[in-house]
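If you want the building blocks of each chain, they are given just below.
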Amino acid sequence: MQSQIKHIHQQLISKQISCVDLVQQRLDLLKQNSHGSVNALLDANALKQAQAVDTKIANGENIGLLEGIPFGVKDVFMLQGTFTTASSDFLKQYKSAYTASAIQKLIDAGAIPIVKENCDSFGHGSSNENSIFGPVNNAKDPSLVAGGSSGGSAVNVAKDYTAFSIGGDTGGSVRQPAGYNGVYGLKPTYGRISRYGLMAYASSTDCVGPLAKSVEDIRIVLNTISGKDVKDQTTYESAPIGEAGLADTGSVKTVGYFKNLLENDAMDASIKADFMATLEKLKAKGIEVKPLDFVDAEALISTYYILAMAETASNLSRLDGTNYGNRIEAENLIESYAVTRSENFSEESKRRIVGGNQVLSQGFSDAIYLKSLAVRDKLSADFEGFFNDVDIVLSPVTPGLPPKVGDGLKDPMAMYLSDAFTVGFSLGQLPTLTVPHGTATGIQITAAKTDDERVLQFAHLLEETL
Amino acid sequence: MPQGNEITMNKTMTVDVLSSIKGAKPSETINKLFEVIKNSDLSTAGSSGNNNQNAVSIEQLREDTVVHASALEKQLIVENFPQEKNGYLVVAKVIEA
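So the protein lines, in turn, are chains G and Y.
For the first sequence, this note's numbering begins at 1 and goes up steadily by one.
For the second sequence, this note's numbering begins at 1001 and goes up steadily by one.
Extracted from the complex, chain G is given alone in its bound form (with noise of 0.2 Å):
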């Protein structure tokens, strides 16, 4: 698949469609909402910025790469003046005060936000069911779920309502959605991409991540959202990557995936099959493939989630309606406290905040929450001694299929059984990126952490060969 990007900006400098036109067709697109994954349209800045485009194009004037190409924002981004409503009862009527640091700097190259994007409630959800605005629809069948949380992202994406979106990935929520619809989807490292304007759901694990047609979008969308932020201390400076560098897909010698894991009962056959010829593939290329030797699928899902429902009751103990959010009165500050979060929340974050306050009590917190730390730093532990051994992993983006809407929400532990694959790499803070080849629900490839490149660069490789 070729650049959107690159062909959008052809198009306009050409002069063979004007922004304007480009804007107002992508939006009347998103206003019938026929997948479900419009949260709210932005389409009269949109509009504007688009003029702006289309007078320095008149004038005679260059334009960058992104300087009028339309994207996509999953609604817990902050974008001033914007509802954020982390498609919440509690902020559905919430303007953002201020723009998240990705989004402003899309937005200072000159892409044009015209959406906020459905998304599971606070991003707690792996089918994009658990939302106000209703459940977002399959890009390639409507009556299975789109994935999530950032399933509003995934469909647009597939779509082509969007050229690209921004979507937040805590324990898969981008990589799970792009498998899902049949597109690609990052999670870099930990820490390449500011979280400063993302709604926090659980920071040791929140990453802002792109979804896009090609591995070239995905790349200069990175390039371009990258780099230390004053405002989120856990940023570190990058590299940008090359275009010429993708074409080295000559560092990969060896590739590691994990045997345990695809032997789990939950396992689709299907997925496991064509995984298993993926790497026949490769072999056959001159790649040595090794099995590793991972935790159980029961513990690592058990691990991600004690620490994620921790964090996200902290996150979301500010949500008390007052300062912000949808207050509702009662006789006392505590009455009133508790009965704004009780009808405000939905029941599965719910779930999360009590599990998480259970978690952190005196009493579980040595037997659950430390010895989930504890886990987890031997789990990061194996993964600098596994890139010692094989410079890429591979693995399925889910253990089954999209299941169909209405029954993502019926059962919370199949929910959760679901991101098998995904989690791990959010615990060890990976680059891994989906691509939407290899197996029904697509493959991630991962590498060291802050080798984003790599990930990149074996994407080209992977393409070649499947």
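It should be emphasised that the hints constitute simulated quantities derived from the structure, not laboratory data.
Incorrect hints may have been included.
What the hints assert, rightly or not - With a cut-off of at most 27 Å between alpha-carbon atoms, the simulated DSSO-like pairs for lysine-lysine come out as follows:
hint : chain 1 : residue 1 : chain 2 : residue 2
1    : G       : LYS140    : G       : LYS272
2    : G       : LYS410    : Y       : LYS1038
3    : G       : LYS410    : Y       : LYS1025
4    : G       : LYS371    : Y       : LYS1032
5    : G       : LYS48     : Y       : LYS1074
6    : G       : LYS371    : Y       : LYS1093
7    : G       : LYS31     : G       : LYS140
8    : G       : LYS48     : G       : LYS95
9    : G       : LYS95     : Y       : LYS1074
10   : G       : LYS92     : Y       : LYS1038
11   : Y       : LYS1022   : G       : LYS410
12   : Y       : LYS1085   : G       : LYS95
13   : Y       : LYS1038   : G       : LYS259
These numbers come from a predicted model, not from an experiment.
Dock chain Y against chain G, hints included.
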């Protein structure tokens, strides 16, 4: 180990009070996740305990200066306040009569 929905702190506190969520109860699904970790004999020997720390040195901290918000930002913060009466922002009653 506490049982059911009671958490032992300085005094026994139920999860609805602990979470400030009226009517909240523990989830059987979440309890199953707890059991997996409690009962696991995962070897964590050799873990350094610092693989996921992302601390910065003091030299990298931003300047310790006040940065004023823009007029628009201040206006939006006020607009987001849940209740207003006669030009005043209304808060819940804190002190009982």
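Status of each hint after checking the structure:
{"no.": "1", "hint": "G:LYS140 / G:LYS272", "result": "holds (21 Å)"}
{"no.": "2", "hint": "G:LYS410 / Y:LYS1038", "result": "holds (26 Å)"}
{"no.": "3", "hint": "G:LYS410 / Y:LYS1025", "result": "holds (18 Å)"}
{"no.": "4", "hint": "G:LYS371 / Y:LYS1032", "result": "holds (16 Å)"}
{"no.": "5", "hint": "G:LYS48 / Y:LYS1074", "result": "holds (24 Å)"}
{"no.": "6", "hint": "G:LYS371 / Y:LYS1093", "result": "violated (41 Å)"}
{"no.": "7", "hint": "G:LYS31 / G:LYS140", "result": "holds (19 Å)"}
{"no.": "8", "hint": "G:LYS48 / G:LYS95", "result": "holds (20 Å)"}
{"no.": "9", "hint": "G:LYS95 / Y:LYS1074", "result": "holds (12 Å)"}
{"no.": "10", "hint": "G:LYS92 / Y:LYS1038", "result": "violated (38 Å)"}
{"no.": "11", "hint": "Y:LYS1022 / G:LYS410", "result": "holds (23 Å)"}
{"no.": "12", "hint": "Y:LYS1085 / G:LYS95", "result": "holds (20 Å)"}
{"no.": "13", "hint": "Y:LYS1038 / G:LYS259", "result": "holds (25 Å)"}
The structure fails hints 6 and 10 (numbered hints given earlier, in ascending order).
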